[in-house]
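Put chain B on the given structure of chain A with help from the hints.
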Amino acid sequence: MMADSGIRPAVEWFYSAPLEDTAVRRGDPLGMRALAEEMADALAPGLTNRTMDGRWISIICWALQHSYEAWRAFETSNEDVPDVRRDAARQIYEWLRPLELLWIARTVSKANNEARGRQLPGVRAVRGWLNKELGERRFGFAASSYERYRFAGVYGSYRTALRSLPGLTVGGDGWRLGPLGREMAAVVNSEVRCKSMHRLSKGRQATPERYWEQHFEWNRGESDFLPTVLDTPKRFARPERDLLRRALFSRSGSSGIASRQAARRLAVVEAATTSSATTRPELFAHIARKLGGRKPLAELALLSPFCELADAGVGAMNACWAAVRGCDGTLPIESSEILDQTVVIKSFKSLFKAATRWQSEAKSYRSLPVADALTARVLAAENNRLKQFQALERHHNEFGGGLKWLRLEGKIITPVAPIRGGDASEYRFRLEALCRLAIQAGATDRMPEAFYGSSLDSFDEADSDRVV
Amino acid sequence: MIRGTSPGWKPLTALADDAGGRGRLLGALLTTFDPPDPSSLIEDYFPAWFGLKNSYGEEGEDRLRYFAELESFLRRLKGEITIVSTAGEIATSAEAWIWNYIRRFEVGALAPAVQHAKLWMFHRAPASFGQRETLELVISSTNLTRDGLRGQIQAGWRCVVQLENRASDARRRSWGVLPEFLMEMRKSCGASGDKPMSRWLALLSRCNPPADTTFIASVPGIHTEKSLRREQTAWGIAGIKATWLGRSRPRVTAITPTIGRWTSKSLLAWAQLAGVEVGRISVAWVGERHPWAGRWQLDPSTEVTLSRSGIRWLELARPFSGDWNSPLCDEHQEADLRWSHAKLYELRDGPKTRLLITSANLSQAAWGAPQANGALSIKNFELGVLIKQQQSLSDRLMEGEFARATSEVIRQELAEQPIAWLAASWDGETITLECRPTAETNLAPYVEISIARRKSVSKTAVTWSNEPVCIAKIVWPRCSGVPILLRVLSTTGDARTTAVSDLRPDEDPQILCSEFEEADLREAMEVLREERYGYIPAADDSVDGIPNGTPGGEHAIAAGDYAVPAYVDARRRFSLIDNWWRELSSADDRSRRFILEDGRQIEARWRAAARSITDKGLRLAALVAVDELALRLGKSK
Chain A
1 MMADSGIRPA
11 VEWFYSAPLE
21 DTAVRRGDPL
31 GMRALAEEMA
41 DALAPGLTNR
51 TMDGRWISII
61 CWALQHSYEA
71 WRAFETSNED
81 VPDVRRDAAR
91 QIYEWLRPLE
101 LLWIARTVSK
111 ANNEARGRQL
121 PGVRAVRGWL
131 NKELGERRFG
141 FAASSYERYR
151 FAGVYGSYRT
161 ALRSLPGLTV
171 GGDGWRLGPL
181 GREMAAVVNS
191 EVRCKSMHRL
201 SKGRQATPER
211 YWEQHFEWNR
221 GESDFLPTVL
231 DTPKRFARPE
241 RDLLRRALFS
251 RSGSSGIASR
261 QAARRLAVVE
271 AATTSSATTR
281 PELFAHIARK
291 LGGRKPLAEL
301 ALLSPFCELA
311 DAGVGAMNAC
321 WAAVRGCDGT
331 LPIESSEILD
341 QTVVIKSFKS
351 LFKAATRWQS
361 EAKSYRSLPV
371 ADALTARVLA
381 AENNRLKQFQ
391 ALERHHNEFG
401 GGLKWLRLEG
411 KIITPVAPIR
421 GGDASEYRFR
431 LEALCRLAIQ
441 AGATDRMPEA
451 FYGSSLDSFD
461 EADSDRVV
Chain B
1001 MIRGTSPGWK
1011 PLTALADDAG
1021 GRGRLLGALL
1031 TTFDPPDPSS
1041 LIEDYFPAWF
1051 GLKNSYGEEG
1061 EDRLRYFAEL
1071 ESFLRRLKGE
1081 ITIVSTAGEI
1091 ATSAEAWIWN
1101 YIRRFEVGAL
1111 APAVQHAKLW
1121 MFHRAPASFG
1131 QRETLELVIS
1141 STNLTRDGLR
1151 GQIQAGWRCV
1161 VQLENRASDA
1171 RRRSWGVLPE
1181 FLMEMRKSCG
1191 ASGDKPMSRW
1201 LALLSRCNPP
1211 ADTTFIASVP
1221 GIHTEKSLRR
1231 EQTAWGIAGI
1241 KATWLGRSRP
1251 RVTAITPTIG
1261 RWTSKSLLAW
1271 AQLAGVEVGR
1281 ISVAWVGERH
1291 PWAGRWQLDP
1301 STEVTLSRSG
1311 IRWLELARPF
1321 SGDWNSPLCD
1331 EHQEADLRWS
1341 HAKLYELRDG
1351 PKTRLLITSA
1361 NLSQAAWGAP
1371 QANGALSIKN
1381 FELGVLIKQQ
1391 QSLSDRLMEG
1401 EFARATSEVI
1411 RQELAEQPIA
1421 WLAASWDGET
1431 ITLECRPTAE
1441 TNLAPYVEIS
1451 IARRKSVSKT
1461 AVTWSNEPVC
1471 IAKIVWPRCS
1481 GVPILLRVLS
1491 TTGDARTTAV
1501 SDLRPDEDPQ
1511 ILCSEFEEAD
1521 LREAMEVLRE
1531 ERYGYIPAAD
1541 DSVDGIPNGT
1551 PGGEHAIAAG
1561 DYAVPAYVDA
1571 RRRFSLIDNW
1581 WRELSSADDR
1591 SRRFILEDGR
1601 QIEARWRAAA
1611 RSITDKGLRL
1621 AALVAVDELA
1631 LRLGKSK
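So the sequences go chain by chain: A and B. The first sequence lines up with residues 1 to 468 when you count with this note's numbering. The second sequence lines up with residues 1001 to 1637 when you count with this note's numbering.
Wrong hints could be hidden among the right ones.
Stated by the list, open to error - Pair by pair, the computed Cβ-Cβ distance ranges are: (1) A:Asp372 x B:Gln1601: 32 to 40 Å; (2) B:Ser1301 x A:Ser109: 53 to 61 Å; (3) A:Ala206 x B:Leu1052: 26 to 34 Å; (4) A:Thr76 x B:Asp1578: 15 to 23 Å; (5) A:Ala376 x B:Ser1301: 46 to 54 Å.
I should point out that these hints are in silico values taken from the structure, not numbers from a laboratory. Glycine included, each C-beta is placed from N, C-alpha and C at the ideal position.
Next comes chain A alone, as it looks inside the complex (with noise of 0.2 Å):
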């Protein structure tokens, strides 16, 4: 039936493989995410959420050393290279990937408890890459997961750190170090042995991979120098606690926007270690009462009852995510069996106060439309439930992103996304990550109360470790 073409085409067949970034999770399932990141950035600005460990600030920094050197030792012929555009930074990437997911081998290789509790994007392909069950050529990793670890990997992770903190890199390029970028990458050049001097070899030229597999002694000898546990932060030894400190909290020597930026961080340390709140809205409420003076400073005067109103949001939500999940696939669910859970009922009634908070203490403010939004319609549902489910379903639809999540049809709930996904993510404010960074660098000793028990669900670590 088939005529040939005379030109062989590329066929094949196959089985779908997993994707390695398989978390489950629901990433703005109120559609407030851009309101969060804006509030983010003037309480912890120059940081991400996923800027939670002062080591991989050290070891980023070493990592572009060699890295730079290697690059352009065997792609420029040793030239000066005034600016790093996008093809060079490209190649640099390349030369630095290897090194960041050697750091993660060796973290598991050493760390006990096989390293869980650390910030290890991608480990799961790294343990497969150890174990010999996964492809050598990419540290387990598919080609295309690869490419995209430039974004969920370390680099990634720590790249706005490196453009803003002054002094990691030349300029803020993200790629050239700085002074104080040098200085970091030695405190780790004293705890590895990897080769320094790069030059071109005849012959065929190995893989960025294959190169640092042999120069860098990545399994070499015992070290706690390594990413460290998030839940326990400790006060790093001298010079790198020193260094870190400079980074986050030094305004000399630094320009206005970074002089600014490192005194508003180092405020809001401050006012957070020393406040004995224990949810965040009154952690947030605290700081910006500090740092207002006497009244809240106006760009954060919003945050609390944002925090509270998207927290009770987001937990309304997984109450009625997990009562579903407890009826264990029977279906259909009748509305009652969900809605009348004590756990439902209490989170409903805590987003009704949420609302409630959040009209009386917005209107003097800006309007946040998606906030105004959910609090309008949960207030319209007064005391029923199920209307206020229908209210959190509609904003749910209207505004969310990620995984869907339950539809209400007449008196019937039915679960829109697989029954096993994850729970809705809570919005984050950085602040957890620049606490966990002031304790490292020896600007305060304590995580703040609100934070103790707090989860690490949408950590790296535990999207990288989760099976899909």
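Relative to the frame of chain A, chain B by itself:
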């Protein structure tokens, strides 16, 4: 690369990883059972298909850049991506803006139909100068849903063929049933589906399929014995029968996660039409304790019927039960929590063994129910491909008695929704609505329209025509906003939402992704446009709030460097112009339009930015570059 015998093991988002350079995507046809999940498209499929440089991120600048790049690509591909599914609700969500750029169709415009085929076709530009356009086909078991991507194991077949410049009937015929399958689907999508679907038929006329490949398809309807005898319309089980050589007693082994309801009589009639004895049919299934048991569907009465009819059961090994061997392939791990959604049939005909990779479950809805007059009644669109196979699937399956997993399956006979089929399009002046309600449904005299970047929904009166497919027109000028979703209601409160196809030929100035401020997205798009041609402003520009499109000033020069900033900046700008010119000179007609537009946009941006540069030298450098760009734009006419 020909891999006819052993399967690859690839993530669905990386099917082309080893295929070398791919040309720019010019268009795609995607079919799915469930309506597509926009999150999966945005987060996973689009970056892979479009070859985006940025990756989906959860927060910060990366996220903004990702969405800016994504929307830029979608704008360029507006109307070139077509997705066909079974009739179903399109959810309102923050991601619904993408539907403005994509043509969405559901089957069933004329009569009830289920779209169950999973066909992806990608039309790509030449990978490099002098090469040809390509057509990539993927036929698999994958629906465009999150579970389809992450929760299930799929089987698929993929080929990439080069397109000739001229079309011919002979080439089109060489694709067997596939062109006729697309024509039937085109009819089922309604009048508005005509043009987008015809493009793919035209492409099949410009290429031949790989050798030793046969397509097996089903289309809904009652098909006469005569039409089933024609090669191009041998639908369903008639397609299987047509492949037997007739020299031996063939055997069939099926591995599918769903088995429809069968009686002894229907099974016998079906087997006769298929040209295979019931006793020579083997079915692979899972035992009661297998982790896939809750997913694979077989009702107890059918299990009894099949067993009594003499079907041979083969067991799929249960993970962590001793000496486990994957029923699929070596790469498949015991700890893989996904369940198999693959639909595979091994056909043995004497010494010849072939493998059918398809969307069709072992059901009469998929393969057809034989009628007394020799006709075949089919409910679903299904598509599969038959390839040569040397290794036997049966080698990975276990023989012997086992307790099969069964569950009471609630099968909804094809009960149509009150609003059975729906389509909407907008040409910049009028929204045209087409709707097929069931006989007993009356449509409400109003609809609800969701508009891009607006939170409220517009309730608008409509007058429906009195035909089987009701039509309504709504005057909707551009100043009313870009309509994204449209909700039609019945007088009894039933409702359906569909995406509005934007048929305007020109680019809308509005950026639709509502997660970010329009100005921020526009700025990020401009920066990406410059980066595409190799111009990168100094990295700290955005950090210090200097508007982009301006030089990096003192930051662009490292301390201790004697370079003159104006020269450095001029060199960077001229380098962009050279890169842009080079791309323009080697572009095909289709890309040329976009590259020229890029040049115009960059010129306007630089000209505006030059006005705000205070340093005389830098300003002059910028203006010289702008003049050069303008000159070349003039030349390109």
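Hint check results:
1. Taking 32 to 40 Å as the suggested C-beta distance range, the pair A:Asp372 and B:Gln1601 conforms, at roughly 36 Å.
2. Separation of B:Ser1301 from A:Ser109 is about 56 Å and conforms to the stated range, judged on CB atoms against 53 to 61 Å.
3. Taking the beta carbon of each, A:Ala206 and B:Leu1052 are about 29 Å apart, inside 26 to 34 Å as hinted.
4. A hinted range of 15 to 23 Å for the beta carbons of A:Thr76 and B:Asp1578 is consistent with their spacing of about 20 Å.
5. A:Ala376 and B:Ser1301 have their C-beta atoms about 53 Å apart, which keeps the hinted 46 to 54 Å range intact.
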